[in-house]
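S.K.: My request is simple: use the sequences and hints to build the entire structure.
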Amino acid sequence: MNYVTFGGVTVGLCLLIAQLISWYPGRKQLMKDPVKHASKLLPWLVSWCYGCLTTLGIGGLIGTASSSVLGLSNWLGDAALIWGVGESGGQLAGAKTFVPLSSPGAALVLIATVGFVVAVKKASDDDAGVLKRGAWCGITLGTSAGVAGFAAVPLALGANWLGEHVYAAF
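Residue numbers for the sequence shown follow the working numbering, beginning at 1488 and rising by one.
Bear in mind the hints are in silico, worked out from the structure with no lab data behind them.
It is possible that part of the hints are untrue.
Said to hold, decoys possible - Within a straight-line C-alpha distance of at most 27 Å, the following computed DSS-like cross-link-like pairs (lysine-lysine) qualify:
id: 1; residue 1: Lys1527; residue 2: Lys1609
id: 2; residue 1: Lys1609; residue 2: Lys1515
id: 3; residue 1: Lys1608; residue 2: Lys1619
id: 4; residue 1: Lys1609; residue 2: Lys1523
id: 5; residue 1: Lys1608; residue 2: Lys1523
id: 6; residue 1: Lys1609; residue 2: Lys1619
id: 7; residue 1: Lys1527; residue 2: Lys1515
id: 8; residue 1: Lys1527; residue 2: Lys1608
id: 9; residue 1: Lys1527; residue 2: Lys1619
Said to hold, decoys possible - Okay, the calculated beta carbon distance ranges per label pair:
id: 10; residue 1: Pro1587; residue 2: Met1518; range: 40 to 48 Å
id: 11; residue 1: Pro1530; residue 2: Gly1573; range: 33 to 41 Å
id: 12; residue 1: Gly1577; residue 2: Thr1551; range: 20 to 28 Å
id: 13; residue 1: Val1605; residue 2: His1524; range: 20 to 28 Å
id: 14; residue 1: Leu1579; residue 2: Cys1501; range: 15 to 23 Å
id: 15; residue 1: Trp1648; residue 2: Gly1602; range: 32 to 40 Å
id: 16; residue 1: Ala1656; residue 2: Gly1577; range: 24 to 32 Å
Ideal placement from N, C-alpha and C gives every residue a C-beta, glycine not left out.
M.R.: As structure tokens, this is what we get:
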């Protein structure tokens, strides 16, 4: 089972804050055309959702890669907390139960993985970085006990529902 430490959540929140700050166009521009500027966050948000789904009971290569990213993020964040601010690391960031993906939901994550890999390959360097950081942030915050972690439940339910309907057609 995947778990996240305070350090892992810290890494995820740092990624989230960095993305929001780099995206923010300024109050005047945002008020002038909010839909245009909000739509610039959409690729990051979709990749965040994908990253979150990969932590929800997925096995195989995708689950191993997701668990590795989460473990590395936990380690990096814990090291930053210990050496950066003198705080203890390694503590679980709130045990949280989540809805695991069903077989059709897991199959949908495999399909989403193909789409994600193609999108990253096709994107420019800057856009590929946004997609990768979004997935990384989703992996780190998907199993947290906070608001981002609660987003995992509707994401899993949605993936399960969509997967069941897609595979029911065949």
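S.K.: For this structure, which hints from the list above don't hold up?
M.R.: 2, 15, 16
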